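Chemist: If you're matching them up, the sequences are chains A and B in order.
Just so we're aligned, residue 80 is where the first sequence starts under our numbering, counting upward by one.
Just so we're aligned, residue 80 is where the second sequence starts under our numbering, counting upward by one.
Because the hints were derived from the structure by calculation, they are not lab data.
Model, not experiment: these values are computed from the prediction.
Accuracy of the hints is not assured; some may be wrong.
Same chains, same names: a pair is fine if it fits in one copy or spans any two.
Unchecked claim - Straight line, CA to CA, 30 Å or less: simulated DSBU-like cross-link-like pairs of lysine-lysine: (1) K90 x K192; (2) K192 x K247; (3) K160 x K346; (4) K160 x K173; (5) K90 x K247.
There are 2 protein chains.
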Amino acid sequence: MPGTAPSLESKFCRSRQETLRRYLSENDLDGAVFFDRHYIYSLTGYWHEQPLTPTALLLETDGGATIVTHFEDPVAPAADKVVPYVPNHLFTLKPNLCGCVTEVLNPLLAGLKIVGTEQQTPAALIEGPVCRDISEDYQYLRRHKDDDEVAALEYTIRSADRAYTEAKRLIEPGILEVEVMASMLEEATYSAGEVLSGWGQDYACGVPGGFARKRKIEESELYVLDVGVGIRGYRSDLCRTFSVAKNPTDEQYAAWEKVVEVMEMGKGMIRPGQSCKEMFEAVTEALDGWNGFSFFHHAGHGIGLDAHEVPRINSGWDDTFEVGDVVAFEPGLYGGALHGGIRLENNYLVTEDGNRQLSHFPLDLV
Amino acid sequence: MPGTAPSLESKFCRSRQETLRRYLSENDLDGAVFFDRHYIYSLTGYWHEQPLTPTALLLETDGGATIVTHFEDPVAPAADKVVPYVPNHLFTLKPNLCGCVTEVLNPLLAGLKIVGTEQQTPAALIEGPVCRDISEDYQYLRRHKDDDEVAALEYTIRSADRAYTEAKRLIEPGILEVEVMASMLEEATYSAGEVLSGWGQDYACGVPGGFARKRKIEESELYVLDVGVGIRGYRSDLCRTFSVAKNPTDEQYAAWEKVVEVMEMGKGMIRPGQSCKEMFEAVTEALDGWNGFSFFHHAGHGIGLDAHEVPRINSGWDDTFEVGDVVAFEPGLYGGALHGGIRLENNYLVTEDGNRQLSHFPLDLV
């Protein structure tokens with residue numbers, strides 16, 4: 080049965096607003112103007128489910144949170160004001176929908192000198208204040224996940240699990256990658272109970288990653304399914320690997336055992352204060368070169384509203400785990416004899432005493 | 080079997096670029112900076128299939144078409160230059176991806192004073208020229224569809240047809256609306272052979288429209304399925320209505336016959352020089368009030384890259400059909416006894432001597 084996405088809680092939305100307001104105040108910004116539906120949901124609890132029309136949030140540094148939407152009576156637990164706009168004329172959508180939003184938004188900006196914007200804010204249509212892109216800083220501000228956000232991420236994991244169950248049912252030599260992907264999408268959508276806000280990523284078989292192709296999967300291959308499911312903006316990131324033959328070779332099985340072992344080792348390092356870079360190095364040390372196979376990519380990253388967030392389990396950054404981080408950890412082994420490689424990925428919440436594993440779909444190759 | 084999206088033709092992309100360049104020149108704009116993947120595809124033939132990362136097009140009024148993308152060696156038949164950017168660092172995505180694009184784009188803008196932008200252009204990150212939103216005008220410039228665009232729309236119709244076939248197979252009393260929607264999405268995706276660029280719209284049963292709910296459809300109802308399928312940005316818009324019982328009442332059947340009759344009548348009016356408003360009035364005259372039922376919405380609209388484009392078959396605008404228009408025409412009847420109503424929608428290309436119907440899925444209620 081389809082589930083129901085858990086609502087975000089007003090008190091947490093307000094707390095996230097306060098975090099953003101503090102930042103705005105410290106950076107002499109008079110407010111923030113966001114158009115990203117995902118960000119608006121996170122900050123107000125208002126989910127704009129209509130992908131054809133835009134919506135906007137004005138968060139004033141010394142004022143309230145105002146949503147501009149065309150839905151009457153929207154569920155917006157942490158909004159102080161809802162201002163309507165009209166996207167259509169006698170049912171037909173107008174040609175510049177963001178312009179329809181800014182037509183009612185711009186008068187609300189009178190008196191604001193500089194506002195923070197993100198990548199989806201159509202700054203060319205904002206009149207009055209100067210727009211300063213704060214996308215990067217806003218990703219850092221979102222790093223700590225509140226309980227309602229963890230629940231939202233767990234809900235997306237539930238849909239990914241459904242998709243994996245379907246994949247295991249379908250995978251056999253000769254099926255097209257795109258058929259596996261489309262069927263997994265159906266299951267994830269049905270399970271979510273609504274159209275997904277995000278869907279990715281790796282559905283190519285016999286290789287470490289890539290989009291689904293119109294190609295038949297082959298008996299000898301391992302199928303690395305790296306699946307990102309987004310619901311109302313929150314996006315989990317899991318990976319499982321399945322043997323197409325349902326009968327892995329000894330070499331494939333041994334490599335799988337090694338990745339599972341490293342997954343346990345790494346899980347032990349996901350705790351407050353641990354250097355993410357050191358964890359990356361420990362994982363790489365354990366995997367890269369093992370039995371002649373390689374481990375060539377990052378070991379993981381934060382998740383939330385963007386596909387990759389802070390902290391990064393990667394030698395290219397020097398992050399440290401903090402309580403409230405939600406991270407994807409993804410060890411793997413690759414090389415010719417594996418016919419695609421093995422990657423396993425779970426999601427974890429960093430807690431005071433270590434971590435809580437959020438994803439539980441079996442790791443097995445078969 | 081899944082199909083393969085037809086490629087856009089270089090000569091038509093170039094012609095569309097020239098139309099935009101003429102506009103830029105006439106409006107004293109030195110170029111256009113677009114981030115909308117769909118617009119970039121239409122203008123250059125380059126499809127950026129990666130939804131997690133942005134891409135950009137700079138079209139100089141007195142120069143070439145430059146694409147900024149992180150894909151090496153992209154298929155970009157009508158681009159003069161491809162400039163790479165790096166969205167990740169050792170596999171992890173950077174926190175401000177549009178900023179990564181503008182980092183390499185901004186130096187190319189040196190010397191440009193004013194550029195045209197659209198709703199997805201992150202103007203706050205553009206340095207140098209003033210950004211002027213031209214979204215509305217650009218919709219008008221796209222009105223005439225070239226042969227390759229018509230083929231792209233026909234390809235999306237093929238996927239919608241697959242989705243309708245699946246719906247007819249599944250529909251029976253007790254199935255959830257969201258199950259029907261998810262299964263149709265799977266079929267459309269499989270048929271397209273790739274992840275869709277757009278998916279909508281009305282999957283609520285027993286009512287004239289709305290999103291899919293976790294609700295069981297009922298025997299007495301008519302199921303109005305208004306389906307928008309987008310592939311590489313091009314989006315068709317069809318509607319069929321099915322009897323859940325596979326046994327419409329006399330009243331439902333008579334209303335269906337009436338809508339089919341008006342569909343034929345309206346099709347006869349889709350020809351160059353015809354006032355769209357007059358067509359709307361003729362359709363409304365024929366339907367609204369018939370047998371006590373209502374016709375309360377627009378009679379159709381152009382399609383292409385936005386869900387609704389020019390021309391509008393609507394009393395709120397005064398458009399006239401032109402050769403090259405591709406329009407959706409959607410007569411309907413609604414009222415209590417119909418238990419949801421009847422809407423039928425086909426897509427047509429306006430030709431010299433009338434129109435060519437692009438969609439052919441049977442109109443039947445059963």
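Chemist: Under the constraints set out in the numbered hints, which ones does this structure not fulfil?
Modeler: The structure conflicts with hints 2, 3 and 5, although it agrees with all the remaining ones.
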